[in-house]
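Visitor: If you want the building blocks of each chain, they are given just below.
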Amino acid sequence: MNRLLLAALVIVAAPAASAAYIVGAEAVLSRLSLRGQRAVRPWVWAGPALGFLAAFLVYPALSTLVLSVRDGGGRQWIGLANYRVVLTDPDTRTAVWNNLLWLAGFTGVTVGLGLAVAALADRARYEAAARAIVFLPMALSFTAAGVIWKFIYEFRPTGAPQIGVLNAVLAATVPHFQPRAWLVAPPANTLFLIAAGVWIWTGFCTVVLSAALKGVPADLTDAARVDGAGEARVFWSVVLPTIAPTVAIVAATMVITSLKVFDVVYVMTNGNFGTEVIANRMYKEMFTFQHFGRAGALAVLLLMATAPFMLATVRRLRAEEAAR
Amino acid sequence: MTAVLWGVCAVWLLPVLGLLVSSFRPAPDVSASGWWTVAVHPAFTLANYRQVLADQHMGQSFLNSVLITVPATVIPILVAAYAAYAFAWMEFPGRRALFALVVALLVVPLQTTFIPVLRLFTALGLTGTFAGLWLAHTGYGLPFAVFLLRNFIGALPRDLFDAAAIDGASPLAAFFRLALPLSLPALASLAIFQFLWVWNDLLVALIYLGGQPSVAPMTVTISNLVNSLGGGWHLLTAAAFVSMALPLVVFFGLQRYFVRGILTGAVKG
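From first to last, the protein sequence lines stand for chains A and B.
Note that this note's numbering has the first sequence beginning at 1, numbered continuously upward.
Note that this note's numbering has the second sequence beginning at 325, numbered continuously upward.
Okay, chain B solo, but in the shape it has when bound (with noise of 0.2 Å):
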């Protein structure tokens, strides 16, 4: 049964190394032999990781992509944060209501947004902007982030919120003192999942960007790659493996968060 196990993840490891391997071997030898012969002929090189930062326009990309996703995922969890403080603590009419609308729109798949918002943006000269992307990944963003930190805030004792308010402390205040700190775990659940899905976006992207090569993110660059150079697979597998150097890094760093977002829901609609 044990075998059973290991043998699914040799199976699940094999492809990561087998790019890992390729992205560092000399071009010819990428397309004349397996990658798996590095066992018998050891040849690496970095030329690839070189070539590809310098003349496909990756190192631009990675810059690009740390550009659209960074503000990508801090404003939305500062907007989702200062709504789910209302939603759990201040009394306005409508308010389960339009909590409930929240959660609801998680049901709309991005799909069904597109052509409005795009039309939209073309009026306002944010197609091909990283504002408009920025704009669109806080809206698509929100429904989950409010739900999940409303949950969270709602859940903290009320005893404290109340002790503060008595001891002259503003709502601000509560909310910067309080309310933040205390849903750190949240937020850092948040904050990878918010970070992982901008980063590893490539419709929302390739939408409101249009594919221009000066604003593309490393996924729309990586695509683009893939029908430009086909076979040139030293270059592709080296452009792949430049995109997931970030996310493994917090995949091993921050694995915890990563689960328990999860299991809360994490899934966009």
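Just chain A, with the same shape it has in the complex (with noise of 0.2 Å):
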């Protein structure tokens, strides 16, 4: 009951306490000249939200920076043999291996299959009924989803009855089929962990890309009609090119999900099995080995993989501000 209490208290005190800062902060203002005013009510707004950047983002970034080239308390400079090794360490290497797995595996199929069901859901009946149902895993944690499909994955020796389904389904189907452990074999295992992550992902990409094509205008695509092409045609070099911008972006963003992917990993295998991944090493450095050092050298590589994308994807969000 106390909780209860506690958790109304807060409920009602978050947004009163931050109201409470403008409205407090204002009225100390109004003290001042109007010169004065004017001349410090900006920072008075902004103030906070530049605090927190600094104090959450800023200054941990720049600070992991400097961690990545001392040793593993902290205390001395060693220079880059922590990257070294980092990148030579066989486990942090597999999971260079897997990212990359991840990175080509996940995109592929996120980007083409959202592409498909938004360019099927466009012509389709019951379209925005399609497109939510995809997209319904958006909403579930990754930690949920990850127990959905280990469910999907169980295995149960020769002879019992599987309560997995995807044992199940190839029991039932394919003569002398052996069930298996799936999450136990590298490499398959990992694309069976990306299995889970295109089931989370591909809501986003489908959403994204069926507004894109919503924006093609219906006289291009009038015109090659009636210059004779097919559907087909029409998609590929008409409708595809126009949309081409936007499927980069989400490509890029796909990239990054799949440069940072944790979650998924940790509920299923814990990286166990082969399956390790550079955010769930990095996890592992810092608590299971305390070596800070390491864990920042990680969080580097990190930074230095996805920027590139991120950047590219700042650029474009700009460029559409601007041309708003």
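There could be a bad hint or two in this list.
[Stated by the list, open to error] Simulated restraints on C-beta separations: (1) A:Met304 <-> B:Ala479: 48 to 56 Å; (2) B:Ala327 <-> A:Arg316: 45 to 53 Å; (3) B:Met414 <-> A:Trp77: 39 to 47 Å; (4) B:Trp330 <-> A:Arg315: 32 to 40 Å; (5) B:Val335 <-> A:Ala307: 28 to 36 Å; (6) B:Val335 <-> A:Ala188: 13 to 21 Å.
[Claimed, not checked] Okay, the calculated bits of chain B under chain A, using three or more residues with CB under 8 Å as the criterion: (7) 372-386; (8) 426-438.
[Stated by the list, open to error] Residues from chain B shown here face chain A by an in silico Cβ test under 7 Å; the list is partial: (9) Leu343; (10) Leu344; (11) Ala564.
The set of hints was computed from the structure by calculation and includes no laboratory data.
Yeah, the Cβ is synthetic: ideal placement off N, Cα and C, and Gly gets one too.
Hints in hand, dock the two standalone chains.
Guide: Printed below as a string of structure tokens:
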């Protein structure tokens, strides 16, 4: 009961405190001269955000950069030794390879399938329903999705009734099929984790690409049809080139997602059986091995790998804003 | 072609259906036969939910998730709205450069920040507390929130604010009576995103809460259950469904705003 009270209190107090800040600060400001007010006011309004960003993003990112060239406890400068260890260590190697597998498989399938669903739904009845179904997993936590997919891959020895859908379906359709523990044997097990990731993220691609498809001018496609192009031809030669910038952005987003993938792997295998990925490895370096230098080096590698794609995305967003 | 589409939809729905059905089946049934056999032998129970909420800390975790998520959604949105208002309608030195910096911070992966922030929290006694998590989620949510709101508030007609100033309205009144109400669509998208992001977050909670059961949100509790229960699927499925209930309500109730948020580039750094 106590906790319920606390919950109620917090739900009221959080907005109240945030609003009280600005009302209180303005009350103090009103005692200044008009010129003083004009000079100070922007900092009163933007100050909290800038403070939060400095404390939680700017300072930590710089500090991690420094940590990555120091030893485990963060005391001594050791140059690029952490990077050397991280790049040659067999477990991290596996992680890097798996991230590349994620990058290729996950990005390819989510964008390809997302585009296919968007294009098919565009001309189907109940279009909204189809898109909503594919989009639904985006609202769920990757933790819940991990449970869902682990259940699908569940394995029982031959002879016992299979309760996992995958083994059951294969046992029913393939003659002489031996049920398998799908998440144990590399490298296929990473592909099964990727399938779970695809289930979550395809809806994202579908929604963004659907909006892009709606924006293709009808004159353009009609003109191609009048010229005698078939539907497939219209799609490949007219529609796809028109929405290419959006496809590129969606792909960049998926690349970033695949490089930073953590939850699905952590919940389903915790990186065991050769399914390690960089983000999970970093978590282990931090908490299991307490080696902050190597964890920092992994974080910096992650930053270097994702930054170009994120910059491209940000540039597109700003260009769109400017065009409005 | 349409058949392909509905085939994909079926594959997409099947996993959720399996989870839902299994969570309502008696424990012995779940481990003895596939969930699809309910079609011929229907047998359902609420026992799994009762057990998960009472014995497995899920009831408490649900409350923890609420306690973490509500402030971690409200605070960043208000803080971002203040900053967005300043960036959009106030003159100050370094305005453009600072806004560019805020946007550039979208690039930083959260992983780069964990160690220093964790050290800071340890020094301040904030590890394992909700307050630490509220602050961290506020910091992490701000770059996108400021970016989105500044573009939205900045696109409101200038005449509106000029007229308000001539009528003697203070900047505070202009913010609460004009800027905030007119930005409601953007605020709604943002709120849904931040809510879902924090509610569904596992990594940030694992790092700053350190896995203590008393403060763990549902994502952390479930990931612990996966390890400890192993094959206890009747409980795992029920636990997963409890954690999905609120996001599903948000999804079906506010899908329009959710989609709009995605189209304005709501992707977490």
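Visitor: Taking the hints in turn, state whether each one holds.
Guide: Do the hints match the structure? See the list:
Distance hint for Met304 of chain A and Ala479 of chain B: a CB-CB separation of about 35 Å, inconsistent with the stated range 48 to 56 Å. At roughly 35 Å, the beta-carbon separation of Ala327 of chain B and Arg316 of chain A lies outside the given 45 to 53 Å, and the hint is violated. Between Met414 of chain B and Trp77 of chain A the beta carbons are some 43 Å apart, a value that agrees with the proposed interval 39 to 47 Å. Evaluation of the 32 to 40 Å hint for Trp330 of chain B and Arg315 of chain A yields a pass: the beta carbon distance comes to about 38 Å.
Look at Val335 of chain B against Ala307 of chain A: about 35 Å separates their beta carbons, and that is inside 28 to 36 Å. Range check, Val335 of chain B to Ala188 of chain A: Cβ separation about 19 Å, and the 13 to 21 Å hint holds. Note: the region 372-386 of chain B has 1 residues with beta-carbon separation from chain A under 8 Å; the three-residue rule is not met and the coverage is violated. Judged by the Cβ-Cβ criterion of 8 Å, the region 426-438 of chain B is covered by chain A as claimed, because 12 of its residues qualify and three suffice.
Nearest Cβ of chain A to the Cβ of Leu343 of chain B: about 5 Å, under the 7 Å cut. The hint holds. The closest approach between the C-beta of Leu344 of chain B and any C-beta of chain A is roughly 10 Å, which is over the 7 Å cut-off, so the hint fails. The beta carbon of Ala564 of chain B is positioned within 7 Å of a beta carbon in chain A (closest approach about 4 Å), and the interface hint is therefore held.
Comparing the model with each numbered hint stated earlier shows that hints 1, 2, 7 and 10 do not hold.
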